[in-house]
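S.K.: Sequence:
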Amino acid sequence: MAFVRMAPTVENSLAILTQAARHDMACACGPSEHRRRGDDGLWIYPAALPSGRRVPVLKVLQASGCERSCAYCIERCGGQGQTASLTPEQLANAFVNLKSSGRVIGLFLSSAIRGGAVATMDRMLATVELLRKRHAFRGYIHLKMIPGSRPDQIERAMQLATRVSVNMEAPTPEHLTRIAPGKRWNEEILAPMRQVARAIEQGQFARAGQTTQLVVGAAGESDREVMAAADRSYRDLKMARVYYSAMQPLPGTPLADKAPVPFEREHRLYQVDFLLRSYGFSLDEIPFDATGALPLHTDPKTLWAQKHPERFPVEINEASLRELVRIPGIGPRSAKRLLNMRRQHRLREVEALRAAGASWKIAAPFVLLDGKPPERQLRLWAVSNPSG
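So for the sequence shown, the working numbering puts the first residue at 1; every next one is plus one.
It should be emphasised that the hints constitute simulated quantities derived from the structure, not laboratory data. Treat the hints with care, since some could be wrong.
To be verified - Computed beta-carbon distance windows for the label pairs:
no., residue 1, residue 2, range
1, P249, P332, 32 to 42 angstroms
2, E67, P295, 35 to 45 angstroms
3, L283, P260, 52 to 62 angstroms
What the hints assert, rightly or not - Straight-line alpha carbon distances no greater than 20 angstroms define the calculated PhoX-like cross-link-like pairs of lysine-lysine that follow:
no., residue 1, residue 2
4, K99, K133
5, K307, K336
6, K372, K361
The C-beta atom is built at its ideal place from N, Cα and C for all residues, glycine as well.
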């Protein structure tokens, strides 16, 4: 696609600011290969809307080069990140140009703190005000709330944005102090989250609610502590999503010499997150080991099933929705399809699992089909469908 022409200084700054924004996972909905960098240096990300539709989003900072010194962030004070900034008018115009060219549909806007939190948040709000009012943009905007913002700024952010967020970064105040000693847990993290939660409860503003992010492995926290923080956020703060970002050492930061956190650990945390949000599991049911870690080489749902042989096998024709989603290989969608299918007839063949969209090879050892284990059917299926 043809490059959208901008003034050279704006073009260069935009490339730096999109590059700097890539470490925040709070709008991601797919693996890293779906995030693409164009010939012009801009990073475009797929983001999931509340409807489930995925759209290309410009993920950008208002300014880079932060006044604070968070240990995990390349934008930290004295760090090696490139410094750049755009005025509200420059950034709003750049986004409109990109949208007009068909390259993006939505905006994710954050910023390093420059000139204080309040002034930084004012510039971000001014950018979004221009998009909403001057340019009549009614599409998706995810607006990051800067730690230290005033309550009236947070309220205005909720009025303007589709979704808002403030990054928790660590699961407890003690862990936060280790990696971001300048951040105040109650005043700068919990207070704005609670303000947004109250507004959501009252049906005000922020149509898609709020999200947050936890950096994994930077502060010596366990998986149990991470998921306990996420669980509290869902229950008490009306959180729409919690995102997890495996710490990767960045040059020029205090964590530069630390071993990178395996992405498998991040993946396991997302799996547990789904178990808590969509599968009816409680935190106490998650199979952490004695140190509070999740095994990297077995998915937590399968491990839970293996630890509870008294619950299996489950008769597919009689199980409730709650029971079906606890079977390894069966998710909420395939469970609902199985319920619909069995209203038409009893399910007797392993093909029913496959037709419902279940991971039928994983599910087979844990189910009965009309009173019979499907292992023999599975072996016959494998012989007759060697590529299946």
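S.K.: Indicate, hint by hint, whether the structure satisfies it.
M.R.: How the hints compare with the structure:
Take P249 and P332: their Cβ atoms lie about 37 angstroms apart, and the range 32 to 42 angstroms holds. Taking the beta carbon of each, E67 and P295 are about 40 angstroms apart, inside 35 to 45 angstroms as hinted. A hinted range of 52 to 62 angstroms for the beta carbons of L283 and P260 is inconsistent with their spacing of about 27 angstroms. As the CA atoms of K99 and K133 are separated by approximately 16 angstroms, the hinted pair is consistent with the 20 angstroms bound.
Straight-line distance between C-alpha atoms of K307 and K336 comes to about 25 angstroms, which puts the hinted pair past the 20 angstroms bound. Of the pairs offered as hints, the one joining K372 and K361 holds, with about 16 angstroms between alpha carbons and a cut-off of 20 angstroms not exceeded.
Hint compliance for this structure: hints 3, 5 are broken, all remaining hints hold.
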